[in-house]
Amino acid sequence: MNFLLIIPYYLSWHYSQGILDYFKVWKNLVWFLWNFFSFKVLLKTFFSPFKRLKEKYAGGLDMESLASSILITTLMRLVGMVFRAAIIVFGLIVLVTFVIAGLIGIFVWLVLPFALVGLIIISLIALIK
Amino acid sequence: MISFIELKHKTSNLKPIVILEQCVNYRSRYFLNKILFYVSAVLFFLLLVSLEAEKIPGGEIADFFGNYGFAIRALFLLTFSVWIIIKLLDAFFYSVYYDIDNIATFELARTINTTNPDDLTKSFFQSYHGKNILMRLGVDKKTFEEFLNNRQDTINDINFEMNEDADGFLTMADYGLALYKIDEDLQNLLNTQGITEKEFIKTIEWVKKIEEQKISDGIWWTREKLAKIPSLGRNWSFGRVYLLEKYGHSIFEDKNYHYLGRKDKIYQKYIDQLQNILLKSNGANAIIMAETSDIAMNIVSTLGRILINGKINTVLEDHRIFVLDGADLIDAFKSKVEFEKAFNEILIQADNAGNAFVVIPRLPNFIDSAFEIGVDVAEILSEFLSSSSIQIIALTDERGFHQSIETNKNLMQHFEKLVIKQIDNDGAVSLLEEEAVRIEAEYNILFTYEALEKISESAARYFSNSEYSDKILDLIEEIKIKTLMDRKFFVTEKEVTDVVALKTGVPQGAIGEKEKEKLSGLEELLHKRVIGQIAAIEAISKAIKRARSGIQNPNRPIGSFLFIGPTGVGKTETTKALAESFFGSEKNIVRFDMSEYNSFDALEKLIGGVDNKTVGTLSAKIRENQYGVLLLDEFEKADKKVHDLFLQIIDEGKFTDVRGEEINARNLIIIATSNAGSDLIYDASLNDKDLALTKDTVINTIIQRGIFKPELINRFDGVILFHALKDEHIAKIAKLMLQKLEARLIEKGIKVDVNEKMINYLVEVGHNPQFGARAMNRTIQDVVEGQIAEGIIDGKITHGSLVKFDINPQTKELKIIV
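Going down the list, the protein sequences come from chains A and B. Residue numbers for the first sequence, in our numbering: 12 to 140. Residue numbers for the second sequence, in our numbering: 3 to 820.
There could be a bad hint or two in this list.
List of simulated lysine to aspartate or glutamate pairs, EDC-like, C-alpha gap at most 20 Å [claimed, not checked]:
| hint | chain 1 | residue 1 | chain 2 | residue 2 |
| --- | --- | --- | --- | --- |
| 1 | A | K38 | B | E374 |
| 2 | B | K124 | B | E199 |
| 3 | A | K62 | B | E347 |
If you want a taste of the chain B side facing chain A, the calculated C-beta under 8 Å gives, among others [as the list claims (entries may be wrong)]:
| hint | residue |
| --- | --- |
| 4 | S83 |
| 5 | K89 |
| 6 | A93 |
| 7 | W223 |
| 8 | I231 |
| 9 | G235 |
| 10 | S239 |
| 11 | Q277 |
These are calculated hints, taken from the structure and not from any lab test. We treat Cβ as the ideally placed atom computed from N, Cα and C, and that holds for glycine.
Let the sequences and hints guide you as you build the complete structure.
This is the structure we're talking about:
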């Protein structure tokens, strides 16, 4: 009998604080994805050489050394850009999908208690038959 | 003041989840969650298979799904829906549990809700949390039932009232305290179990903490928890530090890194300070000074853990910590030029990497060792110390800091100092609380709160070789092993004291029956070995009983006595008997002939010399034998500076040696013996005066003669006077000595007939009041042992002989008759 007592408490929570909590958790997960894909750092350092790998240029008029330095550093910058771009693009897809899913989820949340009761009744009837 | 009704009202916010907990509690939900998830997953898989069943060759599978496919779909919908409901109930539970509008804890609400208003105390201890509290207090069911049956009074909701906390937030501890204050029967129960009010409250708080931890473990969606997942691609923008990887290691590979993680909470305030230092833009370098360099390393390890868990200031979050192995580096490059080049290169790489914290453990040692090959480490370092892309964390112990770093102005201006202090008793207990829960999760044992307090107390008193937090963690580990070996479940104070007594040899804990007998018969035991000194032995026995009862000052040695009396009256024998009865063996005596410490360098000999780096004899011996009797023979002959040292040792129970290390003398019985004033004692003994009446005169004379300072004499727990021995005492001593000789000879198969005539002769010849028993010992050696030895050599005395002595009527000497 006690269990039935919870139902009114639960329902009033589900449609008040529950919705706020839903948004809170959703916000946390968006924050997590934003950090997980390091968008800020990757964009800030988009053109930096990969793992700071570069050829040192000794200075002076050594054209060969200068060319080598420019080449290696440019190459490392390109490698870095490719890796970073890949992560940024993949991350954006995940993030956008999640944001959209979260918005759809709020409608699911609103109908969930009734949907669950309905599903249980339907499945029980089906099993009895 | 609030009444019970008001209290109930204040917990009403939490009523929904209290009811939920009564229907399906947290643990059941946890298991239901798991089971339903897996069942749903299997059914879902079958559902997918059923959709494609017709394509599977052989009609049996298709037939099966044809018959049961519908049921599988229905079952899946059912289990899946119930699983979601459990998840939603969990979300509901957490939301209400952590609601900021709550003015009471869930644990209190749960207890109050199941309380019978006619008997609050009984309900308290029979509630879910109350049962746990009772267990942690170490009160067994039988005792509690007896308490319930024999109570004078019961507390009901009408006669209950409690104080409201300053913050208005009510916890189980507040409620428990209120019950304790009102219920005198409860006070009596806890008192008889040796539980104080503070321990009772701390136990309730601990139980609450354990429950809260269990609940917070189920949450994964907070930012703190999510931040622990490392992010992608962050380190692509920072360089590698090849040389540091070669001549050092990442903090995560440090041997203590994982072990030390258990101390995160203790070091939190230091971590905050360290972060503040490292956040400063230029020259943000830290020097961590602690009692030992290892403790300083703990702070860095903790920073490492916080870094990987992402709970750090965002400016620092991309940083990595590398520990330089200074000794390896010096070993690898013997020459000055090579070393300088390599060290410089290490710092350049770290600087270029842009996110490295370089840790230099034992900086003073590193500076000194490099100096030996002519390198000025401080100068090389100072070039990098003002860079913003490299940050150095140097570690040092206190002594090294004062000797090598503080004096270097150039170095000091770039470093900000962080001083680490040892944890106190409360910190130790809260560390133990967490450790106990960790052990309990792994093994089937349960710690009572008292046991934790005892561990913390014993570690401080008996083990002085390492850092306090290490000592308590080591001790709880050993207690865990012993408890598991003994197949016990409860770890109470007794289990702790058993392990401590085993490790130290110092008797501990409640005095057992056997020991009680031994203690009450201590005087008798001492009298068996020491003849005649009735007053002296009575005084010592009293002091020892006081020490064993646990009422002595824990910050002083177990006992300290000054034995005064002529030579050979039983001072050393008393010491030996004391060591045997208190520590179980005469071997636990560390003896110093203080006449060797009367020169100007006496103090250096004892605690170590500054110049020659020798270890002091006193420091070394006490460090090796921390538990036993320290015997200082002929104490009056030691140098005055040595007297001052012992004044400090007796007063504080510790001293510092020349290397700055603290040496613990709190587990020693210190006995100083002296002949000073023995002429007065001798005179008094001759004239049959009561020594107790002469005591003040003797002490005053000693002070007047400048032998001991009055403050030194006053520091001793007891100044014990040993009187000179009379004929009857000497006769008993002679008998004792002869019995010992008899025992030695029996081992060789030779019997000796010890008789009165022989003893009387020895007393007549051998009694010299000035040298007491020592003269008698010499006489027995000369007269008795000498003749027996001759007999053995001549072959007159052999295995199976009976040796007799008689007085020669002509010479009146004692002669051997075989």
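Consistency of the hints with the structure:
no., hint, in the structure
1, K38/A x E374/B, "violated (59 Å)"
2, K124/B x E199/B, "holds (18 Å)"
3, K62/A x E347/B, "holds (18 Å)"
4, S83, "holds (4 Å)"
5, K89, "violated (10 Å)"
6, A93, "holds (7 Å)"
7, W223, "holds (5 Å)"
8, I231, "holds (7 Å)"
9, G235, "holds (5 Å)"
10, S239, "holds (4 Å)"
11, Q277, "violated (19 Å)"
When the structure is compared with the earlier hints, violations turn up for hints 1, 5 and 11 and for no others.
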